[in-house]
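Participant: Chains as they are written, first to last, in this note's numbering: chain Z, 1 to 485; chain S, 1001 to 1448.
Since the hints were derived computationally from the structure, they do not count as laboratory data.
We treat Cβ as the ideally placed atom computed from N, Cα and C, and that holds for glycine.
Do not rely on the hints blindly, as some may be mistaken.
[Said to hold, decoys possible] Cross-link-like lysine-lysine pairs, in silico, DSSO-like; alpha carbons within 30 Å at most: (1) S:K1256 / Z:K311; (2) S:K1226 / S:K1179; (3) S:K1215 / S:K1226; (4) S:K1435 / Z:K368; (5) S:K1070 / S:K1226; (6) Z:K368 / Z:K91.
[To be verified] Far from chain Z, some chain S residues (derived; all Cβ distances over 10 Å): (7) G1071; (8) D1232; (9) G1255; (10) A1266; (11) S1360; (12) L1408.
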Amino acid sequence: MRLWTWAVALVAALTVAGCATTAPVAKGGEKSAEVAPAKPRPLPPGLDPMVRADAFPSTYKPLPSHPTAIVGAQVFTGAGQLIENGVVLLKDGKIEAVGPGLAVPAGYDVVQGKGKWVTPGLIDAHSHLGVYASPSVWANSDGNELTNPVTAEVWAEHSVWPQDPGFNTARIGGVTSLLVLPGSGNLIGGRGVVLRNIPARTVQDMKFPEAPYVLKMACGENPKRVYGSKNRAPSTRMGNVAGYRAAWINAADYQRKWDEYRAKVAKGEKADPPKRDLGLDTLSGVLRGEILVENHCYRADEMAQMIDISKEFGYHIAAFHHAVEAYKIADLLAENGICVATWANWWGEKMEMLDGIEANAAMVNAAKGGCAIIKSDDPDLIQRLNQEAAEALAAGRAAGYQISEAEAIKWITSNPAKAIGIAKQTGSLEPGKRADIVIWDHDPFSIYARTERVYLDGAISYDRFDPRYQPRSDFELGQTAEGAR
Amino acid sequence: MRKALLGACAFAALASAAQAETIAITHAHILTAASPGEIADGTLVIRDGKIATLGTGAAAPAGARVIDAKGATLAPGFFATNSSLGSVEVNSLGNDLSVDNPEIGAAFDIQYTLNPESILLPVARLGGLTSAIVMPKPGRGRRGAEDDDETSSFTAGAGSESNSHALFAGQAAVVHLGKGDNIVTRAKVGMVVPFGQAGAGVAGGARGAEFVALKAALQDVRDYMKNKAAYDRAGFRQLPLSKADLEALIPVVQGKMPVIADVHRASDIRAVLKLAHDEGFKVILDGAEEGWLVAADIAKAGVPVLLNPTNDRPESYETLAATMDNAARLQAAGVTVALESEGGDYRARETRYDAGNAVSHGMPYAAALAAVTINPAKIFGVSERTGSLEPGKDADLVLWTGDPFEPLSQPVAIFIQGVQQTMTSRQLELRDRYKDLARPLPPGYTHP
């Protein structure tokens, strides 16, 4: 049903776009309208949301690379295997082959991996790098548009400062892709953006090509605290729910108007286009299944209500974030195909975090079809996602679950890739995927593990022993002890 | 015999029956945090809450309960340095860590705050922590209002910056994390004072003002000490500090109670060292992200440093030179370093991972172990009692499945003052309640 609506919309959009090329608007008020009275004019630029749906297109270009073979390492594929004495071949920015004892083609750079570990590039499904950049001063605080509880019209990428030094420290920690989200002060906080973690001049240069957009939503204490303290709605959890539903009603109504308009246009009938609304564009994109919902929600009972709201309006929640009580409803979340992006060790700070437990991810993982993710939400933790995953793994084992490291590595690689819509491109070491790879000096589940090299699209983006591959942000230049980090 | 020993023990009043138990832990890989650093296959005997003996292959004494460690690692319990344990429950609902009361700053004493029943304590204990240095949180005064915008609502936390204007944030205490009514090991172990940006904030807006204010306050304390009688009959000039605060600062000006200086930037560290020298007070640096830049000065002054080894970002304009190598570089320069974890409360159990991160960034293993055991014990004056595995010290120790800094290692047994602790927490009860969702009755019917 949703797909059908979307297809109609697309056909209509193409029709309109086609008009734009074949029948340009005549200059100086000529009588072109009289020539073809049945054909409506194309909308002026910017008024039709479907004409240029991606108004800030990615200009990402991989760094220069050379065919490379990483030989003899223990390879976690991110797809559930640990390959002893593995060989990983990278070519043209893609993974060419992965396996034990593969022959190395002539002309490849050979990287000795004996005694080392290889994983897919880590993916952080919840970051605020760039929108809450370092140093964390008022001037860099651009993540929460706290002027209205529903700000679907804002896009996190318009706040991202590419010179945030945190991108570099995250890359040293092995993070190659990340979802940058607006904050959680609003019921609907706006669009998040998936980034490639390379040093860049513009955010467009970092945007992950063909990654879907996401919508940030938030349950619980934050929205009701922020707006309740301003003596406006929502000030309660029931106010929160009324706010979400009102927003989705507006979105569905907006979508209906555009559908009707496009249907008329397709039939050559006269039609008055709805006025474009940036917020409703985003929300209707969710209803069409094009934009993924990433929902900040701590408590189990609230997550269950958010699931019902998604069913009422016909959208799907890609992941609940934080979700420290996910273990209480692991079955419900798995049945609904919803991932859980959480921590191992964050709990208690506020009432909705009180019941957080270390084994949360492991218990989500244990449910049939469960999808567990360890994420950061933090510029420090993003540097050590592997350690947080190790804690979560240890807690799971202590709870009696049999979990292999090859399984647990998915919590910071392929599972987040799935939850943010980039699993076809990255997240595991499989032929044809982007060659996003980390070489570690110890088992990544060891506290002593440090990255030695990080590849993005087969190119060296960081090397611990080679200063040529240790980028510094503009902010760091000329500051105290520059480069000592 | 046992009773006689128990009677001789100064802390016998706190002892439970279990404390009298004699326990021998055999075949353990013992990390002592003393000399010798390591015993490959050792036996440690606990008697009357104390470590009686430890050594290679010693036989368990007759009548002792024997725990065969089977090669597991026995280490001193760790310290949560710069902690809030016992002073906070649900932080967004408030805490007992800071005071904004013109009559009570220096006099604020954290020892009266402590709640041994806090649900945070068992969680910390299961992270191998057996002691904590609970410290008042310094205020940020005017600078707090500047910096503290809505960021608290973007992430997990609910914001815990103190907007107190107190020049002196109050007095810290050492606590043990065992079950018991009185968890205070030693009170009044240091006076917390914010410096740098926070210090500027409490002094009215600029760093320079704080140093003037502090010197004046300390001079007032000296004048007060010499003229107490006149002060009491109101025959002395008006002093801005309350009598309680003046009294609290006497040990500071006498050089008996160290100032715990919350300070980050290299230039501010230098200024603090000079102030301490000029005014003759003892000082402990807390934070010190740029400490490595002035490591030689810190070492020369013989001043210890409390730091979080994972603070490596320019999180503020005071930490532009923050680096993961800070702990290793300071230690190599001869500075006594103690490690502290983020927040020191909910995530205090990360202390052992912090130590591991210090090791992977150049700190020798033994130094990192010391930095979470004997060093904080020495810095806060409790090393006679705890902080290492040596005969005569409190039996504060943890048996681990492997290297305690590794996340995949887990605690097997935890002893505090010789009492074996239960391996439970509210978190684990929640876990077990929801492990089996197919039970016929709702989870509410499942409890211990």
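Participant: The structure should be examined with respect to each hint, and the outcome stated for every one.
Facilitator: Outcome of the hint check:
no. : hint              : result
1   : S:K1256 / Z:K311  : 66 Å, violated
2   : S:K1226 / S:K1179 : 44 Å, violated
3   : S:K1215 / S:K1226 : 17 Å, holds
4   : S:K1435 / Z:K368  : 13 Å, holds
5   : S:K1070 / S:K1226 : 62 Å, violated
6   : Z:K368 / Z:K91    : 36 Å, violated
7   : G1071             : 19 Å, holds
8   : D1232             : 45 Å, holds
9   : G1255             : 32 Å, holds
10  : A1266             : 7 Å, violated
11  : S1360             : 5 Å, violated
12  : L1408             : 5 Å, violated
Consistency with the previously given hints fails for numbers 1, 2, 5, 6, 10, 11 and 12, ordered from lowest to highest.
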